[in-house]
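Visitor: Listed below are the residues making up each chain.
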Amino acid sequence: MHDLGGLEGFGEVRVEGSGAVAGAPWELRAQGLALLAAGESLRPHLEALPPATYLSTPYFARWLLAVERLLLQRGSIDAGDLDRWRTAIAEDDCPVPARQDPVLVAAMDALMSTAPELPAAVDPLFAVGTRVRVLRQRAVTGVSRCPRYVRGARGRVEGIRGGEVPLDRPRDAAPEPVYTVAFASTELWGPGDEPPFTVHVDLIEHDLTGADDD
Amino acid sequence: MTDHEHEHGHEHGHEHGHEHYDSPKARRARSEYELRTMALEALLVERGLASTDAIDRYVEYVEHRLGPHHGARVVAHAWADPSYAARLLADGTAAAAELGIEGIEGARVRVVANSAGVHNLVVCTLCSCYPWSLLGAPPLWYKSFAYRSRAVAEPRAVLREFGTELDDEVEVRVWDSTAETRYLVLPERPAGTEGWSEDELAALVTRDSMIGAGMPLAPA
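Quick mapping for you: the protein sequence lines, in order, are chains A and B. First residue of the first sequence? That's 584 in this note's numbering, and the numbers climb one at a time after it. First residue of the second sequence? That's 170 in this note's numbering, and the numbers climb one at a time after it.
Chain A on its own, in the form it takes in the complex (with noise of 0.2 Å):
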């Protein structure tokens, strides 16, 4: 339920108090347990929400219930223990342990303070300038970073962002280049009741095809 561009009915972006980054303390706690503890992206994760849990559940509560997801998964937790605990915190008052732990600090300020280097693109199949189509394929893994908005559009090669390894193959499998593709708003979205934009979307090798004789 992710994958929300060009969704109708959400209403306005500008509501009362939507530019702090955080509302309660609770949110910036788990964002930072989610990120702490999973070790991985969350990215799949957040996406394998059910689509009426997604839409009905916060930002950061989505973050909360999507490592719980994985940690459960993975078996480092279990959920009687999760239990146990929300239990003794709502109905006996019982503080939440605390402990320090340098280690682990030492891993939260590598999280926030470095980013790991990105694959340069390696044989791009497309230059810059060159005509293109996004294939309309369903991602079969359920994981895709391909907008369901721009498939079986036709765009322009704007620029070409470096190689990635798509979210839905092994971490080490190889690096596909990525491109910027440029389109037409009436190619996405028809005449609409605006001057004609351009959307540019970032998009990698395996959703695209050649359109010069399109």
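Calculated from the structure, these hints are not laboratory results. Heads up, some of the hints might be wrong.
Derived, one-sided and incomplete: chain A residues facing chain B with beta-carbon distance under 8 Å [said to hold, decoys possible]:
#1 599
#2 608
#3 623
#4 740
To give an idea of the interface, some chain A residues facing chain B are shown, with a C-beta separation under 10 Å as derived from the structure [what the hints assert, rightly or not]:
#5 587
#6 589
#7 596
#8 597
#9 751
#10 770
#11 774
Think about it this way: if two alpha-carbon atoms lie no more than 25 Å apart in a straight line, the pair counts; the simulated SDA-like pairs of lysine to any residue are [claimed, not checked]:
#12 312(B) with 368(B)
#13 312(B) with 622(A)
#14 312(B) with 585(A)
#15 312(B) with 285(B)
#16 312(B) with 388(B)
#17 312(B) with 584(A)
#18 312(B) with 632(A)
#19 312(B) with 598(A)
#20 312(B) with 231(B)
#21 312(B) with 634(A)
It should be emphasised that the depicted structure is a prediction, and the values quoted were computed from it without experimental measurement. All C-beta atoms, glycine included, are put in the ideal place defined by N, C-alpha and C.
Please build the complex by placing chain B on the supplied structure of chain A, with the hints as guidance.
Guide: Chain B in isolation, oriented as in the chain A frame:
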């Protein structure tokens, strides 16, 4: 050590655990999500998979160490030094690193420039990818379903909600951050700022102007 860390570390201590969540008076109003977060923290601390100070450190990064002041410094430097602006547009990652700005989500930064005829707007329709190393954590509106769904389909209507009105002739370019590249908008330098220092310029650079939702402040 920041004042915040000092206060947390020494005046209150961590022996009670309550100060990280809403105060005991608010306990009855605790949401299910807060209870579940507390339960998860308790269990992970018990298992040695998390520690109080590591989670405190995360909160400290988001609330203090990261933030749009880093991006504002990059923008002000680009306004003051055209050769830096050229390097910034050619390789945002390297140009940010020149000013010591690196870190989370900063592996591949691309900067796109506004001009009299072009206005850029950044979104992530699939989640909420954002240039954390330059702007810190994204605001709630950036993560909202409304922004994620509408910015690619009706950008001018979205911009109007921010009070940003563009002439019909201006070309709007929307950037959907669907892969690992993180986008930053280089807004136009406001008129009337000739001879200003970089610190003075940086004070005009708002977070929203670096996402493309707003414009820099006008000189007072």
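Visitor: Of all the hints given earlier, name the ones this structure violates by number, lowest first.
Guide: 1, 3, 4, 9, 10, 11, 12, 15, 16
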